[in-house]
Amino acid sequence: MLSRTAENLFWLSRYVERAESLARILEATQRLASLPVAYAGSTNEWESALAAAGALQAFAEKHEEATAETVVDYLVFDTGNPSSVVNCFEVARHNARAVRTALTMEMWETINGAWLELRRRPDRKLLGEELTRFLGWVKEVGLRFDGSASRTMLRNDIYSFSRLGMLLERADNTARILDVKYHLLLPEETKVGGGLDYYQWSAILRAVSALNSYHWVYRQSLKPWLIADLLILNDQMPRSLAACYNDMTRHLDDLSRGYGRQGPSQRIARATRARLENAKIEEIFQTGLHEFVTSFISDNNRLGSAITEQYLA
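Each residue of the sequence shown is one higher than the one before, starting from 58 at the first, in this note's numbering.
Incorrect hints may have been included.
Cβ-Cβ distance ranges computed for the label pairs, FRET-style [what the hints assert, rightly or not]:
(1) R190 x A328: 41 to 47 Å
(2) D310 x R177: 38 to 44 Å
(3) E366 x D310: 15 to 21 Å
(4) D310 x R190: 39 to 45 Å
(5) S355 x R177: 38 to 44 Å
BS3-like mimics (lysine-lysine), calculated; alpha carbons at most 25 Å apart, straight line [to be verified]:
(6) K119 x K182
(7) K196 x K182
(8) K337 x K280
What the hints contain is simulated information worked out from the structure, not anything from laboratory work. Beta carbons: idealized from backbone N, C-alpha and C, even for Gly.
When you get a sec, could you build the whole thing from the sequences and use the hints?
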């Protein structure tokens with residue numbers, strides 16, 4: 058496959074996943090911001106949304122205060138934000154057009170339909186129930202695209218590059234959501250395990266569609282170390298770091314067999330996967346969850362660079 062085609066497939070799936078993740082972050086933030094006063098924290102939940110999206114500094118250069126209106130506008134509509142939902146779908150559609158013949162009809166119709174729907178929107182104001190419906194629609198687009206790829210694509214290098222983009226982005230977003238909750242969202246003076254803590258963790262689990270899974274696996278009340286275990290080490294959870302790296306390692310191995318050689322991307326993926334397989338949640342909390350997640354995000358970025366240099370350059 059031409060490297061340009063592989064690059065378009067990789068970034069197409071990555072931007073669709075990013076748009077869905079932004080919708081999940083905003084949905085969780087909206088739920089936290091609407092908590093009763095008795096559970097309200099002293100931090101700004103909308104700032105935590107920007108932190109989870111990696112956009113806090115860029116946002117501060119354009120806006121003085123993080124409010125529902127300014128954050129939603131920046132993360133959804135602002136064309137000056139490369140990772141806004143609108144830009145994600147714009148870039149995804151551009152990449153999809155470039156590799157139209159490599160996509161199935163269902164995948165193309167999902168992306169093109171989402172792009173057309175956004176262009177028909179009359180204004181940029183989204184609050185309350187309208188915001189909830191819009192975020193649900195963005196999530197639905199992501200699920201339809203992912204489902205179409207899983208059900209209709211031939212299992213070849215086209216499929217592998219598409220999945221790698223999605224999985225790399227998904228791992229990054231799960232790690233950032235977990236890190237933001239643990240270090241930025243809960244006020245320092247708030248007791249861990251209290252009412253505010255419970256509602257925040259519940260919202261985070263909902264953001265990654267993991268609340269029911271948590272209760273199925275652990276069958277007890279929400280505990281930070283068990284939630285971290287689910288989202289980091291449990292490879293049965295599709296959005297966990299372990300599950301993402303199990304799948305990425307498999308797809309990279311498929312590419313190495315197909316192209317007859319291995320390289321840095323396979324080595325980095327295997328090393329990160331081994332680190333997750335051998336980790337214990339007690340040790341992660343003892344050495345620091347923030348430090349572990351920060352190191353993981355760095356390794357995940359290194360893998361993305363290695364894939365680019367090895368296959369997409």
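Against the structure, the hints:
1. R190 x A328: 41 to 47 Å: This hint holds: roughly 43 Å between Cβ atoms.
2. D310 x R177: 38 to 44 Å: holds, 43 Å
3. E366 x D310: 15 to 21 Å: holds, 18 Å
4. D310 x R190: 39 to 45 Å: holds, 41 Å
5. S355 x R177: 38 to 44 Å: holds, 40 Å
6. K119 x K182: holds, 18 Å
7. K196 x K182: holds, 19 Å
8. K337 x K280: OK: K337 and K280 at ~16 Å, within 25 Å.
Of the numbered hints stated above, none is contradicted by the structure.
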